[in-house]
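A.B. asks: Residue-level listing of the chains:
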Amino acid sequence: MKTLLLILLLAVPSVVLSAQNGYIEVTAPGNRQLKMAVASPRSTDGPANPETARQVSDVIAYDMNMSGVVIAESRLQTTILSSALGDVDFMSWQSAGFDLLVKGEYSLKEGRLTVEFRLFDVLSRKQITAKRYLGTAKDLRRFSHSFADEILGAITGEKGVFTTRIAYVSAQTGNKEIYVMDWDGYNPLPLTKNGAINLNPDFSPDGREIIFTSYKRGNPDLYLRSLSNTAEVALSNRKGLNMTGSWSPDGSKIALALSKDGDAEIYTINKDGSHPVRLTVNPALDLYPAWSPDGKRIAFVSDRLGKPQIFIMNADGGEVRRLTTSGNYNVNPRWSPKGDKIAYSRMGGGGFNIFTIAPDGSADTQITSDGNNENPSWSADGRFICFSSKRSGGDGVYVVRADGTGQTKVSKGAGVYFQPVWSAR
Amino acid sequence: MKNRMVALLVGISMAALFTGGCANTEAVKKEEAIAPTVAVEKAEPAKPAQPAVQPKAVEQVKPAVSTPAAPAAPTSAAVSKFETIYFDFDKSDLRTDARDVLSKNAAAILKAAAGTKVQVEGHCDERGSAEYNLALGERRAKSVQKYLTTLNVKAENLSIISYGKEKPAVSGSDEAAWSKNRRAELVVVK
Chain A
0 MKTLLLILLL AVPSVVLSAQ NGYIEVTAPG NRQLKMAVAS PRSTDGPANP ETARQVSDVI
60 AYDMNMSGVV IAESRLQTTI LSSALGDVDF MSWQSAGFDL LVKGEYSLKE GRLTVEFRLF
120 DVLSRKQITA KRYLGTAKDL RRFSHSFADE ILGAITGEKG VFTTRIAYVS AQTGNKEIYV
180 MDWDGYNPLP LTKNGAINLN PDFSPDGREI IFTSYKRGNP DLYLRSLSNT AEVALSNRKG
240 LNMTGSWSPD GSKIALALSK DGDAEIYTIN KDGSHPVRLT VNPALDLYPA WSPDGKRIAF
300 VSDRLGKPQI FIMNADGGEV RRLTTSGNYN VNPRWSPKGD KIAYSRMGGG GFNIFTIAPD
360 GSADTQITSD GNNENPSWSA DGRFICFSSK RSGGDGVYVV RADGTGQTKV SKGAGVYFQP
420 VWSAR
Chain B
0 MKNRMVALLV GISMAALFTG GCANTEAVKK EEAIAPTVAV EKAEPAKPAQ PAVQPKAVEQ
60 VKPAVSTPAA PAAPTSAAVS KFETIYFDFD KSDLRTDARD VLSKNAAAIL KAAAGTKVQV
120 EGHCDERGSA EYNLALGERR AKSVQKYLTT LNVKAENLSI ISYGKEKPAV SGSDEAAWSK
180 NRRAELVVVK
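Chains A and B, in that order, give the protein sequences. Just so you know, we're using numbering that gives the first Met the number 0 here: the first sequence kicks off at 0 and counts up by one. Just so you know, we're using numbering that gives the first Met the number 0 here: the second sequence kicks off at 0 and counts up by one.
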């Protein structure tokens with residue numbers, strides 16, 4: 000059954016879109032960060048459920064704080080909040096030090112949920128954007144994330160990625176199985192339950208399918224499955240390794256490492272697993288292909304110079320050049336969605352850390368320094384990198400801004416997490 | 000008014016997006032209700048219990064140093080017909096002790112019933128990336144396979160598989176554990 004869901008845009012005062020890029024400069028002189036109050040929404044029918052209301056404002060405040068664009072505060076309902084949506088006491092919010100205000104109201108009747116949000120500019124006393132969502136009770140977090148996407152869009156000109164998901168590998172059942180969770184770690188769901196070793200999930204560009212390597216029939220083969228049903232198709236079960244599958248940006252091909260011709264080499268196959276095309280010809284190990292966002296180049300790992308390093312080649316295998324020149328063990332490349340950086344992990348001093356580097360080899364920058372950090376993956380807007388971490392502060396999937404700030408553990412469960420990968424929008 | 004038209008279009012496309020997204024969530028949740036299957040790796044050959052590791056050989060193992068002493072014989076033929084072969088860190092070439100073990104293993108294979116199929120499993124220690132270790136484990140299995148064929152074991156009776164660092168023989172994060180995990184095991188397959 001498909002959830003009936005309508006999103007109605009309310010009468011939005013004509014805030015001109017082109018003005019939004021300059022929004023931060025206009026309203027926050029100097030380099031002060033904007034402060035945002037996220038008021039817990041008012042119940043429009045019957046007594047308020049403080050828990051529900053609090054969850055909504057907490058989700059939005061969390062997302063906005065993680066973005067680093069504003070400093071957000073979740074505010075419990077007070078007398079000045081219980082007024083109608085459009086009725087805002089701007090003076091009070093301004094004297095409390097806030098530049099932006101999110102107000103909302105909701106109704107939850109017989110499982111049907113209606114939520115309406117509005118974003119106000121406190122200083123200019125104007126409504127910036129507004130949305131209404133209709134769904135069921137279980138959509139509460141999702142709607143809150145969705146309005147956070149809107150807020151980020153209104154402030155920066157590019158919508159957020161707070162409704163996206165992260166797939167990962169966990170051994171919590173004793174075997175490595177694939178799971179999917181919301182980007183903030185909520186709603187983890189098992190995808191595979193085959194009791195074998197399952198590795199390296201990757202989302203299709205439309206976010207509806209996942210490829211991964213599994214030993215469920217003995218050999219490490221590459222499988223494809225939809226997120227909406229349990230059927231799994233063996234996409235590549237060629238002799239030897241069928242591993243580190245990576246979907247091309249247009250979704251038509253998959254790059255992967257196969258060892259059918261001797262040792263691990265990079266190939267592309269069609270989305271249905273057919274037509275393998277070999278891209279590397281080298282007695283060394285070549286693996287972990289990562290597409291550039293325009294699909295024209297592929298970064299990969301090779302130990303052709305002795306130790307594993309990251310190389311870049313054209314998508315037809317031509318013009319191979321070495322990318323990483325510092326450190327003697329660099330793996331796990333992933334190209335940023337904007338194309339300007341490649342995230343990777345480097346082993347040194349016994350542990351791994353996340354780095355980013357420009358595709359021309361410049362601006363090699365260390366992002367993490369605490370514990371053991373592997374398998375970086377970018378959010379669709381390039382704002383964040385998720386990665387797996389083993390550290391004294393807790394093992395799990397962590398999210399960090401691309402500049403290295405705001406490092407936060409997002410996964411909620413205990414145990415070790417592996418190979419997280421972020422879905423597209 | 001124009002703005003509103005644009006906004007309406009955005010709204011409609013958002014609605015389409017969300018409807019699709021929710022359909023996914025529904026189906027995934029439905030799958031949650033399915034009872035987890037019993038943990039069985041069907042295609043994996045009946046694997047003998049872990050052969051007893053010879054402590055003496057292990058102590059001698061150091062990265063980049065060959066250990067000439069051959070390990071002792073397996074404790075029980077019933078546990079395993081074959082001895083495990085060990086490797087140096089990030090290496091897949093066969094040490095002298097490994098060659099000695101493989102000579103014995105080859106003799107055992109040649110004595111076995113005609114057509115006995117043996118799979119060589121390549122394994123790595125926990126250091127390094129999981130993906131690189133899968134490829135390295137395969138390289139180890141391959142060098143064992145190649146050496147066995149030079150000892151007259153028929154190539155068609157040998158297959159290889161890599162488990163990378165996914166199936167350590169022992170747990171632990173020190174050289175004693177690592178040296179036991181950098182290995183190739185021979186198992187009889189049907």
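Honestly, the hints are just simulated from the structure, not real lab data. Check before you lean on any hint, since a few could be wrong.
[What the hints assert, rightly or not] Straight-line alpha carbon distances no greater than 25 Å define the calculated PhoX-like cross-link-like pairs of lysine-lysine that follow:
#1 A/125 to A/108
#2 B/166 to B/110
#3 B/145 to A/306
#4 A/259 to B/80
#5 A/238 to B/116
#6 A/295 to A/270
#7 B/189 to B/166
#8 A/337 to B/166
#9 B/90 to B/189
#10 A/270 to A/192
#11 B/90 to A/238
#12 B/166 to A/306
#13 A/192 to B/166
#14 A/337 to A/270
#15 B/141 to A/259
#16 A/306 to B/141
#17 B/110 to A/259
#18 B/145 to B/110
#19 B/116 to A/259
#20 A/238 to B/166
#21 B/145 to B/116
#22 B/166 to A/389
#23 A/259 to B/145
#24 B/116 to B/166
#25 B/189 to A/270
#26 A/259 to A/238
#27 A/238 to B/145
#28 A/137 to A/125
#29 A/259 to B/153
#30 B/116 to A/108
#31 A/259 to B/90
#32 A/306 to B/90
A.B. asks: It remains to establish, for every hint, whether it holds in the given structure.
C.D. replies: Cross-check of the supplied hints:
1. Proposed proximity of residue 125 of chain A and residue 108 of chain A is contradicted: the alpha carbons are some 31 Å apart, above 25 Å.
2. For the given pair, residue 166 of chain B sits about 29 Å from residue 110 of chain B by alpha-carbon distance, which is inconsistent with the 25 Å threshold.
3. Of the supplied pair hints, the one linking residue 145 of chain B and residue 306 of chain A holds, its CA atoms being roughly 23 Å apart against a limit of 25 Å.
4. Between residue 259 of chain A and residue 80 of chain B the CA atoms are separated by roughly 29 Å; this puts the pair beyond 25 Å, and the hint is violated.
5. A C-alpha spacing of about 16 Å is found between residue 238 of chain A and residue 116 of chain B, which places the hinted pair at or below 25 Å, so the restraint holds.
6. Distance restraint check for residue 295 of chain A and residue 270 of chain A: the Cα-Cα separation of roughly 17 Å lies within the 25 Å cut-off, and the hinted pair is therefore satisfied.
7. As the CA atoms of residue 189 of chain B and residue 166 of chain B are separated by approximately 21 Å, the hinted pair is consistent with the 25 Å bound.
8. Between residue 337 of chain A and residue 166 of chain B the CA atoms are separated by roughly 38 Å; this puts the pair beyond 25 Å, and the hint is violated.
9. As the CA atoms of residue 90 of chain B and residue 189 of chain B are separated by approximately 30 Å, the hinted pair breaks the 25 Å bound.
10. Restraint check for residue 270 of chain A and residue 192 of chain A: satisfied, since their Cα atoms lie roughly 24 Å apart, inside the 25 Å limit.
11. With a CA separation close to 23 Å, the supplied pair residue 90 of chain B and residue 238 of chain A stays within the 25 Å bound.
12. A hinted pair counts as satisfied when its Cα atoms are at most 25 Å apart, and residue 166 of chain B with residue 306 of chain A qualifies at roughly 23 Å.
13. Taking the CA atoms of residue 192 of chain A and residue 166 of chain B, the gap is about 18 Å. The hint holds against a cut of 25 Å.
14. In summary, the hint linking residue 337 of chain A to residue 270 of chain A is supported, as the alpha carbons are separated by about 24 Å, within the 25 Å threshold.
15. With a C-alpha separation of about 12 Å, the suggested pairing of residue 141 of chain B with residue 259 of chain A holds against the 25 Å cut-off.
16. The suggested pairing of residue 306 of chain A with residue 141 of chain B holds, with an alpha-carbon distance near 19 Å, which does not exceed 25 Å.
17. Straight-line distance between C-alpha atoms of residue 110 of chain B and residue 259 of chain A comes to about 30 Å, which puts the hinted pair past the 25 Å bound.
18. For the proposed pair residue 145 of chain B and residue 110 of chain B, the alpha carbon gap of about 19 Å is at most 25 Å, so the pair holds.
19. Distance hint between residue 116 of chain B and residue 259 of chain A is fulfilled; the C-alpha atoms sit about 20 Å from each other, no more than 25 Å.
20. For a cut-off of 25 Å, the pair hint linking residue 238 of chain A to residue 166 of chain B stands: about 20 Å separates their Cα positions.
21. Restraint check: the Cα-Cα separation between residue 145 of chain B and residue 116 of chain B comes to about 15 Å, which is no more than 25 Å; the hinted pair holds.
22. Restraint check for residue 166 of chain B and residue 389 of chain A: the C-alpha separation of about 19 Å stays at or below 25 Å, so the hint holds.
23. Taking the CA atoms of residue 259 of chain A and residue 145 of chain B, the gap is near 16 Å; set against the 25 Å cutoff, the hint holds.
24. A threshold of 25 Å between alpha carbons decides the hint, and for residue 116 of chain B with residue 166 of chain B the separation of about 22 Å falls inside it, so the pair holds.
25. Of the pairs offered as hints, the one joining residue 189 of chain B and residue 270 of chain A is violated, with about 33 Å between alpha carbons and a cut-off of 25 Å exceeded.
26. Restraint check for residue 259 of chain A and residue 238 of chain A: the C-alpha separation of about 5 Å stays at or below 25 Å, so the hint holds.
27. As the CA atoms of residue 238 of chain A and residue 145 of chain B are separated by approximately 17 Å, the hinted pair is consistent with the 25 Å bound.
28. With a CA separation close to 31 Å, the supplied pair residue 137 of chain A and residue 125 of chain A exceeds the 25 Å bound.
29. Between residue 259 of chain A and residue 153 of chain B the alpha-carbon distance is near 20 Å, which keeps this suggested pair within the 25 Å criterion.
30. For the proposed pair residue 116 of chain B and residue 108 of chain A, the alpha carbon gap of about 66 Å is over 25 Å, so the pair is violated.
31. Distance restraint check for residue 259 of chain A and residue 90 of chain B: the Cα-Cα separation of roughly 21 Å lies within the 25 Å cut-off, and the hinted pair is therefore satisfied.
32. Among the hinted pairs, residue 306 of chain A with residue 90 of chain B is consistent with the structure: their alpha-carbon atoms are about 11 Å apart, no more than 25 Å.
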